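Undergrad: Each chain, letter by letter, is given below.
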Amino acid sequence: MFQEKLLNKDTEATRLFALLEELYPICRSITGDGVRKTLRILQEYVPLDIHELPTGTEVFDWTIPKEWNIQEAWIKNSNGDKLIDFRRSNLHVLNYSIPVDKVMALSELKEHLHTLPDQPDLIPHKTSYFKEQWGFCLTHNQFIDLEEGNYHVFIDSTLEDGHMTYGELLIKGTTSDEVLISTHVCHPSLCNDNLSGISVAVHLAQYLLKKQDLRYSYRFLFIPATIGSIAWLAQNEKNVDDIKHGLVLSCLGDRGDTMTYKRSRKGNASIDKLVEQMLDDSDQAYEIREFLPYGYDERQFCSPGFVLPVGLFMRTPFGEFPEYHTSADNLNFIDAEALGESLSMLKKVVYRIEHNRSYQNLKPKGEPNLGKRGLYKLIGGKTDVEISQMAILWVLNLSDGKHSLLDIARRSGITFQAIKQAADALEHANLLKLLS
Amino acid sequence: MFQEKLLNKDTEATRLFALLEELYPICRSITGDGVRKTLRILQEYVPLDIHELPTGTEVFDWTIPKEWNIQEAWIKNSNGDKLIDFRRSNLHVLNYSIPVDKVMALSELKEHLHTLPDQPDLIPHKTSYFKEQWGFCLTHNQFIDLEEGNYHVFIDSTLEDGHMTYGELLIKGTTSDEVLISTHVCHPSLCNDNLSGISVAVHLAQYLLKKQDLRYSYRFLFIPATIGSIAWLAQNEKNVDDIKHGLVLSCLGDRGDTMTYKRSRKGNASIDKLVEQMLDDSDQAYEIREFLPYGYDERQFCSPGFVLPVGLFMRTPFGEFPEYHTSADNLNFIDAEALGESLSMLKKVVYRIEHNRSYQNLKPKGEPNLGKRGLYKLIGGKTDVEISQMAILWVLNLSDGKHSLLDIARRSGITFQAIKQAADALEHANLLKLLS
Amino acid sequence: MFQEKLLNKDTEATRLFALLEELYPICRSITGDGVRKTLRILQEYVPLDIHELPTGTEVFDWTIPKEWNIQEAWIKNSNGDKLIDFRRSNLHVLNYSIPVDKVMALSELKEHLHTLPDQPDLIPHKTSYFKEQWGFCLTHNQFIDLEEGNYHVFIDSTLEDGHMTYGELLIKGTTSDEVLISTHVCHPSLCNDNLSGISVAVHLAQYLLKKQDLRYSYRFLFIPATIGSIAWLAQNEKNVDDIKHGLVLSCLGDRGDTMTYKRSRKGNASIDKLVEQMLDDSDQAYEIREFLPYGYDERQFCSPGFVLPVGLFMRTPFGEFPEYHTSADNLNFIDAEALGESLSMLKKVVYRIEHNRSYQNLKPKGEPNLGKRGLYKLIGGKTDVEISQMAILWVLNLSDGKHSLLDIARRSGITFQAIKQAADALEHANLLKLLS
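Residue numbers (this note's numbering), protein chains in the order written: chain A, 1 to 436; chain B, 1 to 436; chain C, 1 to 436.
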């Protein structure tokens, strides 16, 4: 069995950040070569399966859209100066823009421009997946500087039948019970949302691939938001009952010092208790939020036709940091150390998932004689009982077939790891029998 | 279906208050012509049935008492000056006093006098329904001024076999499920307790009589307190299971800025949740109180042989304003605007009762594609999601046959009306089916 | 039926304290003549059965240990001065020390000495039940004064096959349902822990022996901690289902002004609610603690093979007063008045246990007519309803077969005694029928 180890933070944090640097320049969308290129890079880390669903495929109430690709895009003034250029930032193009090549007056152009007046130095991230149109995003300061006159707008994009692409990795454990880890890969050059989630998920998968004796199978999804999870659910509808725990990962690299966990729709699923207990054991500040049907793909996994036990794990929640969905969500916004901490916590969640077993106390009538088994201090007196001793007493007292180690940790207020160690010692002393 | 409308407060408040003015001078009791006259005035507003139960009728553990009527009452001093006169205030007579015509010394008279030493300018309201005696109520200042000497006391009342009278109105809806609205009519010239409840109930009945498509039937009772509700329960014992929701109305016209709702004995009946959710949606301060078996007729409806879902709706609770059961609970104590607000809130309760339906999401697997149905904003980006959008997502997520619109409003924290509008839009788009 | 009476505190407190004075000098342990002598003194108060279990008897996972007795023990310096003498304090010997008679250097002696450096004037209480060794306990100041040189150490003890002794008293009531009162008798000269528990238990037993009509049977155990309760459980395994309520008594004589109740493992057993309601009714400050599997014999009674409804009743909890398990837990530490208060509270718990009945309202439809039965004030008006009146209304309202008097007291916030009196009055008026 594997054990929680002290994370070598420097090395791992560095590797987590390096993947962000590699993925940052790519212009992704919900379809197209950006996602493909991203997934191929991830394949260098883990043996990802890449799936392609053709445009027009029906997935529940939805249809796989046309595939979008883009080569070039700019706005030139009448002097031929490129004022806005996709090559400088792929946020400059309204994501999913149809092609255009036209000269027009400023007044007409303005109908296609998107800015953030309150954050005049930042380029917004905007999309138009479900209405065919074109547009540019720019800083409000750039917008203000536009002079009257004619402008040449050029977008060399294609919106044509093709495919939607997503990545999937199943790490098989000794049972068919699954843990789902899902993260969205559709955002262009935005780091916290969601290159952070991608990098943490890939490194968590790497970590699990090295384990020999996983009890659960772990399924990782690297999917476009919304359409990706809906498509995956439609393809895998028959098998979702295998999913016993699940997490959506996002916004895991910012410097916020409070972790945020959004509960599954059930609200008291095992994953909810496991994550909350892990946070409670950590020194980290954290906040628990109730489920609401707005957010990332947990809203699909938690739709009423599925109601899977899937929560959302973040640092600062999406929409609550000013850099969200702007050009300021860049590499500078990310703290490698924060990425490492996020990964470390997820490993601790995995530890709890793997080791949250139930045991039967084999000597349930009175306490067993711990002294003769070397499990009790031998001189009684005034000194406080130690945590490890209390953990042993709690595990014995609650190992009645109705309480898991997680339940015992929660009721006793002792860390899961100490409770697990007590259970191991008691099992070794033939005082406990593993139940399930 | 009817909709909540902005109440024309001025007009309605004026009409509510005018009925108080008309009813104020009448000397009511639990039996007698005062109640009869009151109910006949109410018949000018709504088609009330008037029931008469003869003295001696057994109703559960009780017996309908003798009927009490009074013409005149006074105390004269030895000079023949009328110091106390029933014509000036019908509170001056101990309600249910037997007749008397006697000259007596002050010392003997004092045994029959009731005052409020702490509120020396006010006449108390006192009753003696279950012991045959006579008495006068007066201000403590009047009492102090009484000089030694003989007094002539005269009460021209009758306490004889007759009837107990009460009013009942059933407004039939499309189902036999009933909403009970009960208010007591036995108090003499006291405004907040309970001409306010009577006026609000009558106007609520008027409002409902104009509705074409009520789902529930609404039963209004205008009854003497305690004996009235016990008598009604005894007469209607077989049918009380039709009562799905109920409210006792009282003290609805004072200037207190906090509404008070006292829960039914069950404590978590639908009516409790409906009223509390309505108060939560309002801007009004409010206080929720647990059931206790003291108060108005809810104590009979909530007795252990019935345990009906009946709460008590008030502004300032009875007994907690200094004017309670004194001559200061007069027309000046009443705010017409407050009466209007109380009525307006009850209409909102009715709105919730009528529209608290459950729906089935017809596309429960993942979210349906709202964009193609015009139910979703088309450019994604940074802007906050609107309440109406969140309402749609919540209704879809929780329309699984286990949640009513009220449940959804409570869990989401969104107003009932916004939730209802979302459900209407989704039903219109064939995404929801009405269940019950 | 018996009633709560005002306790004659002076007399009873004096008697409670006198027993502590009598028992204080005795050197007790988990076996041996100290316990025997203690139990024989208790037999002068109540007709205790004294049980003896032979060394080697198997009791669940444990074995009855050898019997320990001690005559004399001292440390002399090379001048022959007795520096440490068991006759001055029986805490000076490590409890369960094997015999020794040896001269040794200070360095070797030090390995057998126990002190409290943070409380340099106090002798610690130390035991070694499960490892055969010898030792002395002394004040840290005595320890510091020891000079280099040789010392003669002498312990005239025996650790041989013999018996473990405990006391038991069953006071039979009219049913076989039992209340268990357990207290440990194994500590040497320590007053609060646990001569206080012993004295209070004996006097509670005396009190109950005088009652004629107890509904419950009361079983008192005076046992060595841990091994005593395990042994008793092993001997009485078949009968423990008769135990409906139970309390372990300890630390009942200190001057702490806050009572402490540690809940049973169930947490919501009747005994938990009964004790908490009693504390709530009292003017005493109190603290409720959740069960944890560390403490006194409640940990055995609440082991997963039994899960009996047994809580722990204390003033200041063990381990939380600085005198705990030191020579300062002496007679000066005890307040006779506190002993009296503790006993008085336990009598109130017994009162609740005996009288926590359920009744059926025989007139459940509406309120019965209380006025005609003299159970209602006869002039209605403004005055507040009295507690006794409210108690009558609550008992009527909740006597539906689902609520006990304890439930009614808890829901109404009225004292148990007032609720009981209301039930008595209503039963006398044929409005209630005793159910169970």
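No wet-lab data here; the hints were simulated from the structure. Honestly, I wouldn't trust all of these hints.
In this list, chains with the same sequence are indistinguishable; a pair is considered to hold if it fits within one copy or across any two.
Result set (PhoX-like, lysine-lysine): computed pairs, CA atoms no more than 25 Å apart in a straight line [said to hold, decoys possible]:
no., residue 1, residue 2
1, K102, K433
2, K402, K273
3, K211, K347
4, K347, K365
5, K266, K402
The model shown is predicted, which means the values in this text are computed figures rather than measured ones.
Undergrad: Within, between, both or neither: how does the pair K102, K433 come out at a Cα-Cα threshold of 25 Å?
TA: neither (76 Å within a copy, 48 Å between copies)
Undergrad: Tell me, please, which holds for K211 and K347 at an alpha-carbon limit of 25 Å: within, between, both or neither?
TA: within (12 Å within a copy, 62 Å between copies)
Undergrad: Are the CA atoms of K266 and K402 at most 25 Å apart within a copy, between copies, both, or neither?
TA: both (20 Å within a copy, 13 Å between copies)
Undergrad: How would you label the pair K402, K273 (within, between, both, or neither) given a Cα cut-off of 25 Å?
TA: Both. Shortest intra-copy (16 Å) and inter-copy (23 Å) distances satisfy the 25 Å Cα cut-off.
Undergrad: Between the shortest in-copy and the shortest cross-copy C-alpha distance, which are at most 25 Å for K347 and K365: within, between, both, or neither?
TA: For K347 and K365, neither the intra-copy (37 Å) nor the inter-copy (31 Å) Cα distance is at most 25 Å.
Violated hints, listed in ascending order, are 1, 4; each of the other numbered hints is respected by the structure.
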